[in-house]
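Visitor: Listed below are the residues making up each chain.
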Amino acid sequence: MDHSPSQSTLLPAVDMRGITKRFPGVMANQQVDFVVQAGEIHALLGENGAGKTTLMNILCGLYEPDEGEIWLRGQSVRFQRPADAIAAGVGMVHQHFMLVERFTVAENIALGQTGRGWRDDARSLHQRLRALSAHYGLGIDPTAPVWQLSVGERQRVEILKALDRQVDVLILDEPTAVLTPQETKGLMTILRDLAAQGTAIIFISHKLNEVLALCDRVTVLRDGQRVGSVEVANCDAHHLTELMVGREVNLDRPDRVVVEVADRSPLLSLEQVSTVGHHRLPVLQDINLQVYPGEIVGIAGVDGNGQRELEEAIIGLRSLTQGQIHRNGTLAHIPSDRYSMGLIPEFSVTENLLLRDIDRFPFSQKGFLRPAQMVKQAIALVQQYLIRTPSVHTPSGTLSGGNAQKVIIARELYRNHPVILAAQPTRGLDVGAMEYVHAQLMAQRDAGAAILLISTELDEILRLCDRIAVLYEGQIVGLIDAATADVNHLGLLMAGKTQVTDDPMMSEKRSLQTS
Amino acid sequence: MPWDQILTTTFLIAILTAGIRLAVPVLLAVLGEIITQLSGVMNLGLEGIMLVGGLAGFATTYALQQTTGLTELSIWLGLLAGLLAGMLMGLVMAILSITCRTDQVIAGITLVLLGQSLTTYFYREYPALGKARVTGLAPLPIPGLSQIPVVGDVLFNHSLVVYLSALLVMLCWFLLYRTRWGLQIRATGEHPAVVDTSGLSVITIRYLCTLAGSALAGFGGAVLTVVQLNLFIEGVTAGRGWIAIALVFFSRWQPGLALFGALLFGIADAIQFRIQALGSETLPYEFLLMLPYLLTLLVLVSRRIRDQTPTALGIPYIQGKR
Chain U
71 MDHSPSQSTL
81 LPAVDMRGIT
91 KRFPGVMANQ
101 QVDFVVQAGE
111 IHALLGENGA
121 GKTTLMNILC
131 GLYEPDEGEI
141 WLRGQSVRFQ
151 RPADAIAAGV
161 GMVHQHFMLV
171 ERFTVAENIA
181 LGQTGRGWRD
191 DARSLHQRLR
201 ALSAHYGLGI
211 DPTAPVWQLS
221 VGERQRVEIL
231 KALDRQVDVL
241 ILDEPTAVLT
251 PQETKGLMTI
261 LRDLAAQGTA
271 IIFISHKLNE
281 VLALCDRVTV
291 LRDGQRVGSV
301 EVANCDAHHL
311 TELMVGREVN
321 LDRPDRVVVE
331 VADRSPLLSL
341 EQVSTVGHHR
351 LPVLQDINLQ
361 VYPGEIVGIA
371 GVDGNGQREL
381 EEAIIGLRSL
391 TQGQIHRNGT
401 LAHIPSDRYS
411 MGLIPEFSVT
421 ENLLLRDIDR
431 FPFSQKGFLR
441 PAQMVKQAIA
451 LVQQYLIRTP
461 SVHTPSGTLS
471 GGNAQKVIIA
481 RELYRNHPVI
491 LAAQPTRGLD
501 VGAMEYVHAQ
511 LMAQRDAGAA
521 ILLISTELDE
531 ILRLCDRIAV
541 LYEGQIVGLI
551 DAATADVNHL
561 GLLMAGKTQV
571 TDDPMMSEKR
581 SLQTS
Chain F
908 MPWDQILTTT
918 FLIAILTAGI
928 RLAVPVLLAV
938 LGEIITQLSG
948 VMNLGLEGIM
958 LVGGLAGFAT
968 TYALQQTTGL
978 TELSIWLGLL
988 AGLLAGMLMG
998 LVMAILSITC
1008 RTDQVIAGIT
1018 LVLLGQSLTT
1028 YFYREYPALG
1038 KARVTGLAPL
1048 PIPGLSQIPV
1058 VGDVLFNHSL
1068 VVYLSALLVM
1078 LCWFLLYRTR
1088 WGLQIRATGE
1098 HPAVVDTSGL
1108 SVITIRYLCT
1118 LAGSALAGFG
1128 GAVLTVVQLN
1138 LFIEGVTAGR
1148 GWIAIALVFF
1158 SRWQPGLALF
1168 GALLFGIADA
1178 IQFRIQALGS
1188 ETLPYEFLLM
1198 LPYLLTLLVL
1208 VSRRIRDQTP
1218 TALGIPYIQG
1228 KR
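Residue numbers (the working numbering), protein chains in the order written: chain U, 71 to 585; chain F, 908 to 1229.
No wet-lab data here; the hints were simulated from the structure. Hints are not guaranteed to be accurate.
[Said to hold, decoys possible] Per label pair, the in silico range of CB-to-CB distance:
1) U:Tyr-409 / F:Leu-1020: 31 to 37 angstroms
2) F:Leu-998 / U:Arg-350: 45 to 51 angstroms
3) F:Arg-1040 / U:Gln-183: 51 to 57 angstroms
4) U:Pro-460 / F:Leu-998: 41 to 47 angstroms
5) F:Val-1012 / U:Phe-438: 34 to 40 angstroms
6) F:Leu-998 / U:Glu-171: 28 to 34 angstroms
[To be verified] Not close to chain U: a few residues of chain F, all C-beta gaps over 12 angstroms, as computed:
7) Leu-919
8) Leu-1020
9) Leu-1036
10) Gly-1142
11) Phe-1167
12) Ala-1184
Note that the Cβ used here is the ideal one computed from N, Cα and C, for glycine as well.
Work out the full structure: start from the sequences and follow the hints.
Guide: Structure (structure tokens):
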């Protein structure tokens, strides 16, 4: 596939025309046009279900479009399987990394290569990967087993994989969702380098500030249709949000009042809490934390630093090796794993809404359920919490992520429990649903509840919390007043750097080179 | 218990020699199942596949030996027939579990029942089958090595099938852990979406591995009836297919350990045969029959196995759902 230089600079790297893709009952993409130039970093924005992932899955050969055509550098292509897209130079870094944890970096990369013979030449592969890694400052050792790598390193392995396949078009699906602010900056540097060398980069993200900082142009999708493409230089976050949601959304830090309560003693108190995980390794160490009525305390940190274990310890699913947890009052729990801990997907909306009240009058009497009463209450909750469901008898697993989460929130919050544990309450939700969840939590706070918010989304923490504790490798490495919190400082704490000495950009570069 | 008859060199040599021989059918099925399971398919139908392979192999060999009189060639063609019959059974399993995404436990059990009823039907429909006998493979002593005292008798005085199986152990290990194809097979069992996004076909890889695994099990069944027993009776495999599945877990998907496990089973089987023949009053031979199961149970409860189980084992792959 040789092109003369003048031709390949003129023709767009990706030109998708009139793409339509239908799934049973859903129009995932409808007449979508999408153009990306070589050397450009192009953001693809949209709410959940707007059709971003479908469009990108079409571009990388996982789905075939029902209508429309794809042109790469002026050549019409038809992808029937991922191998076709790979051969045409399209690479994708998936949101859930496509890496076999038991294999080494090199084995993972060798997997997709269409080499001949029974065996790859491991030594030359290692050499090649080392050179590539050094050239782009990825800091990856090809012989390392993937399970030993951090999330940020795994992502760089994915990028290395794409680089080794010599992609012209690199798609990244929500790449920063799992990264610290410093890792995100490192990633941006790498992506700018790649773009400067002519790679077309498609950046899928929810995070507007990153899109504004990194990208050249933005294409916005809503309900499967293209709303428009804009130059980043000519727009701001509010404008983009409006394009995405179709209305104005307020995601600024809300004004907060000091909640007056009679008793100022903590409702949730953790004293020297420690616990162990797999292979008896400590996963929580000496956690001390108090949550008072009328406040939201945030647990910030990169995923996998003990959040899940802390959540399980507080709800009593995990035994402590040391310390105590005191709780004064009943607990509402919005779990991090919506479909395995929060809902019984096969059960109806009604049953899920009343799971905690099923043994109570009027929903049951002398051990017998009273379905009419249950349905009545469910309908009331569906209306009050704006749950969009075909009926209260619909299995909750078929609802969208946002509405499934609303079912949980309705169940957990309608009884106004004094203590609330919200773990990743907006994970995977779009901006509109996020705004809704935040409003519900703020309302509970203002009503005097003690809320512990575990979130890996720093923006969410900064927006909602009164105090912020940073969790790193199972320890609380800092407790900060949210009103005066500094993002860089928080980011360093999240990366485990308690000694803040110099410019974060510099220290990030150094850590990339030395790792 | 006649200990004076047991603790003699001749007796021990006999047991070890027979043990190696008896290990072969199970070993072949275990090797096949390792390949299948590493690709993410749990084929529980081995017992049925071995039965069908055993019948096909035996019937082919018998018919050819009767009509042509070419003893050796008939045996090899019979073994080939067993292998192909196993592959055909594997195709049923593959269609059910990979294409139709049926629950693999159900599909496997169905396959066992199919194999059992199919072979029973032929056995009862053709009474001549039960009376038929074939001529087995003559031992092929390896020149020089078979002259070594004790070791020569135990290791180097077997039929070609035994040597072939030993070779297969190494071949399987090499294929699975030292080649790109092995890497692709193991990745399919670990994380099929990775294989899919790498441009390889999960479906094709799983089909090939299921067919290969079933072919080996069918081959093993044929070795049992044609080479070892020289006869076919109803339910001739006597649970060897199930033992093979247990041994796969015992072996932690390592062909070398599979060899060890199959030998344990074979030797226990040989001891059981001999003691049965001696007619012990004090120790019922059924106790020794339990030995391989007990060993397997003990290993299964240890923790390390679970850590090494292919992550996607038994889970059908649906593209786009990840």
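Visitor: Now tell me if each hint is right for this structure.
Guide: Each hint, compared with the structure:
no. : hint                                       : in the structure
1   : U:Tyr-409 / F:Leu-1020: 31 to 37 angstroms : 35 angstroms, holds
2   : F:Leu-998 / U:Arg-350: 45 to 51 angstroms  : 46 angstroms, holds
3   : F:Arg-1040 / U:Gln-183: 51 to 57 angstroms : 53 angstroms, holds
4   : U:Pro-460 / F:Leu-998: 41 to 47 angstroms  : 42 angstroms, holds
5   : F:Val-1012 / U:Phe-438: 34 to 40 angstroms : 36 angstroms, holds
6   : F:Leu-998 / U:Glu-171: 28 to 34 angstroms  : 32 angstroms, holds
7   : Leu-919                                    : 41 angstroms, holds
8   : Leu-1020                                   : 30 angstroms, holds
9   : Leu-1036                                   : 43 angstroms, holds
10  : Gly-1142                                   : 39 angstroms, holds
11  : Phe-1167                                   : 23 angstroms, holds
12  : Ala-1184                                   : 47 angstroms, holds
In summary, the structure agrees with every hint in the numbered list given earlier.
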